[in-house]
Structure formats: structure tokens, C-alpha cells
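Q: Spelled out, the chains give:
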Amino acid sequence: MKLTIERAALLKSLTHVQSVVERRNTIPILSNILLRAENDQLSLTATDMDLEVVETTIAEVAEAGATTTPAHTLYEIVRKLPEGSQVQISLEPGAGRLTLSAGRSKFNLAVLPVDDFPVMSGGDLPVSFGLAAAELRGLIDRAEFAISTEETRYYLNGIYFHATDAEGTKILRAVATDGHRLARVEAPLPDGAENMPGVIVPRKTIGELRKLIDETGEAVDIAMSDTKIRFGFGKAILTSKLIDGTFPDYERVIPSGNDKTLDIECKGFADAVDRVSAISIEKSRAVKVVLSGTTLTLSASSPEHGTASEELEINYDAEDIEIGFNSRYLLDIAKQVKGDTLNLLMSDGSSPTILRDTDDLSALYVLMPMRV
Amino acid sequence: MARADETETDDDIFSPRKNDAFLGHEEAEKTILDAWNSKRMHHAWLLCGPRGVGKATLAYRMARFILSGGEADGGAGLFGDSPNGLYVDPENPVFRRIAGGGHGDLKVIERKYDEKKKRLQGEITVDSVRTVGNFMSKTSAEGGWRVVIVDAADELNRNAANAILKVLEEPPANALMILVAHHPGRLLPTIRSRCRRLNLGVLEEHQVVDLLGRCCPDMDLGDRDALSGLAEGSVGRALQLHKVGGLELYTELVTLIAALPNADVAGQHKFAERFSAADKDASFATITELLHWWLARMIRFAATGQAPREIVDGELPAMQRMAASQPLDQWLEVWEKINELMGATRGLHLDRKQALLNAFFMLEETMRN
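In order, the protein sequences belong to chains A and W.
Residue numbers for the first sequence follow the numbering used here, so the first one is 1 and each next one is one higher.
Residue numbers for the second sequence follow the numbering used here, so the first one is 1001 and each next one is one higher.
Don't read these hints as lab results, they were simulated from the structure.
Careful: at least some of the hints might be erroneous.
Derived, one-sided and incomplete: chain W residues facing chain A with beta-carbon distance under 10 Å [claimed, not checked]:
#1 1096
#2 1107
#3 1146
#4 1174
Computed list of lysine-lysine pairs in DSSO-like fashion (alpha-carbon distance at most 30 Å, straight line) [as the list claims (entries may be wrong)]:
#5 204/A / 1112/W
#6 235/A / 260/A
#7 1107/W / 211/A
#8 283/A / 1166/W
#9 170/A / 204/A
Computed spacing ranges between beta-carbons, pair by pair [said to hold, decoys possible]:
#10 113/A / 1193/W: 38 to 46 Å
#11 195/A / 1186/W: 45 to 53 Å
#12 1186/W / 368/A: 44 to 52 Å
#13 1127/W / 113/A: 53 to 61 Å
#14 368/A / 1134/W: 36 to 44 Å
Ideal Cβ placement from N, Cα and C applies to all residues, glycine included.
Required output: the full structure, derived from the provided sequences and hints.
A: So this is what it looks like as C-alpha cells:
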């Protein structure tokens, strides 16, 4: 293997892939990245055994070949090389060391055989379709906050993507829940996704995916099977395992008979919730919402710190109602609302509430009440 | 095979991860293969047997076989196994990845290396076991089965054992747990009852000789023979003995004992001296074991009259002389005392040299009385 590459290009690719590699690894091969040079391209592969990122960049390849070398060491070296320098990378067959030189600096890096490197890309991915990056970003961003972190219900530790029908239109849905709140976000179903299996994409993958979307933009090629999903961003490809479990029947928890509706100016409401909740410092951070006539009263109390309340003018004509929420959850949802008005659809003080952005009905949130 | 000594770091003269040699246990292998071929593979297997007979090697063999698709390799007659054995060619990519630790569908739970204390942890902690839950909750990386090897289940501490139970009770589909246990009786009964148990017995002496030859080709036949005699059917023990120079130690030990009751005091001092350094944990453990074993053999000889196999020349006459000098109960008492002394020496960090000299002295005294 022998190639020359610009430092900036190498650093950019390395920055993307090295974050996947775990820093503390007892197995040497897992702290390495795979370098493969062919057809005037250098591809870098990093994996943590759950997901794999491959990034390809242009390089002058004098001699094709592949090897693996410690990811973080390589990254540190390239980061510290002077800007604008040309990096030469070469591996003599049988030498057992990778030589990296730029200007008058020279490094010899330990290598491990390519055959030992984990493989994730094998296997068929029968379903494939394209999705606009903005669309995917929208699905992820509005659902991500509701992903559970609790390990016992591992099937909630990700976003559930599936194709479904809603009143005759085919849609792609992303659902996440932690048992207290649920986010259901919809996008038009892309061509080719009709037969997609329902897949639960793990949280860590979502995080890495989000980084890649931000940096590449444009369209994303998605391919998947029952056990794997791949996101292609042109030069970068992310392949990930899925969560092996059944996502609960979330439709059942979305109430259909809620009749008390309230439209409220979102920003003002969120700020008021934030202020009132300052008094309750316990983990639950409960706030009580009382709707009566044209007044909404927010209140919170804490045995040690005292009480707080704030009143808001509202337009409400249904029966009076008293309901408690976890303020943090309420704020999380308010944050997802891009329009001006938040719509709350309630039934009574002990039933789940539906929240929506009145300007954007593609997302729906369900929030369980708290006893206050 | 069994890992290297407790106190020393593992080097891989015969690491089961990389080892393709496997002898004996054809029965066990056949049981596994039958289960696999019946398409009703039990989700958890408990491989039991003494240390160093090939339990972990079998576990890795199973893992390699299943992860490479579970197709019996036609040309597997190489080591005299049945052609339908679990053999996977070392050049197979799956073999390579497992050996390098880079297979996404294999998770190995073993004691971790403690960076601060510079040695392996004494037990498997619950953190390691929790990663199994995470591993099992994800789909497989290469699209087939997922395999977890616990090496060894005896080393799980209480919390870890309970955590592993959780996985054993609700295994996902296409997942296999292989537990290796030196002392299955010490495991939680709830763990035992959820696993299909497979007992591996000790190896035949010629098999140990054969395996030794395969991993240490430069060892001469006489040494291999002697080592296999010392190891009593455990190739892991034979290798461990080889690593710390067990055969030389044994020869010297026998020479010193054979000289009794006319003790070679200078020789004893010189001999015992070498175990006193702090980094000689493994050698000291070996010598206590050897001493213990030699005396036990002598006592058995005296009791049954059946001459044991002579590993070092002059062993038998020494045993005879010793056995004739005192009645059996005396020797049993000495044997027990020496064991106690050695145990205390290790546990309380007493002076090892003095302990050994003391043991020699006890033997000498008993012979003189």
C-alpha cells in the first residue's frame, strides 16, 4: 500500500470515523481503523461492533492495499501535522509497520492484519430507498428526546421506523417512547419503502447519524434488512445493528377520546412552566395546570422551598380541569414546536394528554399526567 | 485450555481463542453436533470438567462452527476427528476474526485485567455481565447467530451470576450461551438448571503428549511424556507446568526428598530461596502443588501397594523408603500439616522460603522418629 493524501482531506475523514472507535478497548483490533487504498481512493472504516462508519476520500494511490492501525493515534498525528501538508502513507509488505510521513516528520505505526477486523457489511439488504436529509433530520430530531435510557426495556432504547397507512396516505413513521412520553413523527413514504420491515435503530446510531446528516446534507440512501440498516451519504456510509425486539403497540396508548382542547401560545407557556418549576427541585419537577374559564393557572410547590404560581390568559371553553405534568417533559415537547401555538388535547386529570404543533401536524406527542 | 496461572498474565502459548487442536471428547462434540443438526439447539450449554482438559477450547470451537454458518467442514479429518466434527479451518475468515477478537457476534466474558494492580481481577464483575444484555438486545452483525462465552462461570461473583441468570432465563432467538465451569457444583442451582450440561473428562496420557507436541514442537518426547504424567490428563496443567519449568522443579524436589532423612541442607536452602521473590507467585503455587501431589501419591502407594508411574528416576524407592519408615496415619497428618502451612503462607504472605524449609523439616522429622 502506498498513497499520498492532503492532510485536510485525511483529517476530515478521520474526524468523522474516529469518534466511533471506543477509547478504552481491551482487544487491540477494536481500537484500530481499517485503511483501504484502491482506485485513487482511500477508505477508512471504523467500528465499535454495533455500528460501522466507512468514509471514502480522494487520494493519490500509487499502490493498492489495506491494513489496520490504531485510530486515535493516527488521528492525533494527523491533527498535529502542519496545515496544507501532503501526507504519505505506505506499508511495505511484510514490514509490519505503517509508515506515515509529512514534510520532515515521520511516524511508524503498528498494524494488525485486515482479516482480524470486524465485518459488518455482509448480508443482503433487500429494502432500499432515498430520503431527503432534511426529512430524516426532522424525523430524528423530533423523536430523539423521547428515547428511553432504561436498559430493562431494551426495545425502547431507539427510534422505531416503520411504514404505515394513515387515512389512506402512505407514511413513514418514527416513534420513540420511554413509557412516560411518546413522540410520533411522520413523513411521506419514499418510493421503495413500502415493504420496509419495522426497525428499531439504537440510540448510539441515531447520534452518529445525526452528526453525519449535519455535515453532508442532500439525500440519504437507506437500505435495510431485518437485522441491519445502512445509511449512505455519498462519501460516508453508516451501517448499524438494530435492536432485536418488538416495539410495543404504541397506537394503543394514543388516546382517541380526548375532547378538551386548548390552544396556547407556546413560547409564553413554556417560559411560564420553566419559571414555576424552579421551585420544585426534586427529580419529578411536577407542575399543576388548572384550566378554568379564561385562566390557566400553573402552580408548583415544594415542602422545603415554598410555592409558586403563574396565571395565563387563555381561550378555553370546555369543562374545568386540573392536571399535573412533569415540567421537564413538558418543556422537552415545547422545544420541538416550531410554530407559535401548542395544542393540548386532554380528557381528565389522570389520562394521557396529546400535544401537537398547530402549524405542523406531522408530529404528535403523548404525555402521561402526574399526580399532584 | 485452562488459562495460565491465576496470578500471571495470560500469554498465548495455547490460548483457546487461537487454538485449533482438540483431542478426546469426541462424545461431547458429537452431542453438540447432534443438537445442532436437529435444529433444536439448546440456548445454553454448561461445559464442565477439570481445569485444562479443553472446555474453553471446545467452547471456541462451537462458536467458530456456529458463526461460520454451522456447516460441517468436509475435510475435517485432519486431527482424527469424525469428518463431521466442529472443526473450522484456521484460515477461515471467521476463525481469524475470532482469534483477533474482532467478531461482532461473539462476546467473551472473562476476568478483566486490572491496570492498577497489574493483574487479572479475582472474579468476573457485574459490569462485564451487563454488556451481555446489551449484546443480546442487538441484532447480529453478520446476520447469523450470536454467541456468548463465559470463561469461566465459576469466576462470576454473586451479582454477576444473578445478572447472567436474567439472560439465561429469557434468551432471544438465535443466541447461544456457552458457560465453562471447573466446579459446576459451586454455581447457582438456577444457572445449572437452565443449561444443558456436558461433562468433559480428563484426557488420556497419549493425548496430552500429542497436544503438547503440537503447541510446543521443540519439546522432546521424554519431557512431554514426563509432563503428561505430572499433569494427570490436563493439557492445560501440563502447559502451565512447562511454563514455570515445572519438570525441573519436580526433579529437584524429588531429589531433595529422596535424600531424606539425611537432608541436603544447603540444597534445600538454595532450592527454597528461589521462590521468595515477590514475582514468583506462580512458581510457588506450582511447587506447593507438586509437593502436595507427590506426598499424596506416596500415601496412596503406601495404602494400596500399587506402584504409581515413575516420572523421575528414583522416585519409587524414595516413596517406598518413606512409606516404610512410619505408619500411614503419621504421614496423613504430615500431609495435612504441610497443606495447612502452604495455604497459610499464600494467604497471609508468610516467608515462602521458611515455609518450604519447614515442610522439608517436617518430613525429615517424621522419618527419623
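Q: Work down the list of hints and note, for each, if the structure agrees.
A: Going down the list of hints, with the structure as the test:
Look at residue 1096/W: its Cβ gets to within about 4 Å of chain A, closer than 10 Å, so that hint holds up. Among the interface hints, the one on residue 1107/W holds; its C-beta lies about 9 Å from the nearest C-beta in chain A, closer than the 10 Å criterion. Hint status for residue 1146/W: holds, given a least beta-carbon distance of 9 Å to chain A, under 10 Å. For the restraint placing residue 1174/W at the interface with chain A, the shortest Cβ-Cβ distance is roughly 9 Å, inside the 10 Å limit, so the hint holds.
The suggested pairing of residue 204/A with residue 1112/W holds, with an alpha-carbon distance near 25 Å, which does not exceed 30 Å. Restraint check for residue 235/A and residue 260/A: the C-alpha separation of about 50 Å exceeds 30 Å, so the hint is violated. Between residue 1107/W and residue 211/A the alpha-carbon distance is near 28 Å, which keeps this suggested pair within the 30 Å criterion. Only pairs whose Cα atoms come within 30 Å are accepted, and residue 283/A paired with residue 1166/W is accepted, the gap being roughly 29 Å.
Simply put, residue 170/A and residue 204/A have alpha-carbon atoms about 28 Å apart, close enough for the 30 Å limit, and the pair holds. Hint check: residue 113/A to residue 1193/W, Cβ distance near 42 Å, so the stated range 38 to 46 Å holds. Between residue 195/A and residue 1186/W the beta carbon distance is about 52 Å. The supplied range of 45 to 53 Å therefore holds. Look at residue 1186/W against residue 368/A: about 46 Å separates their beta carbons, and that is inside 44 to 52 Å.
In this structure, residue 1127/W and residue 113/A break the distance hint of 53 to 61 Å, their C-beta atoms being roughly 30 Å apart. Taking 36 to 44 Å as the suggested C-beta distance range, the pair residue 368/A and residue 1134/W does not conform, at roughly 27 Å.
The structure is inconsistent with the numbered hints 6, 13 and 14, although it conforms to all the rest.
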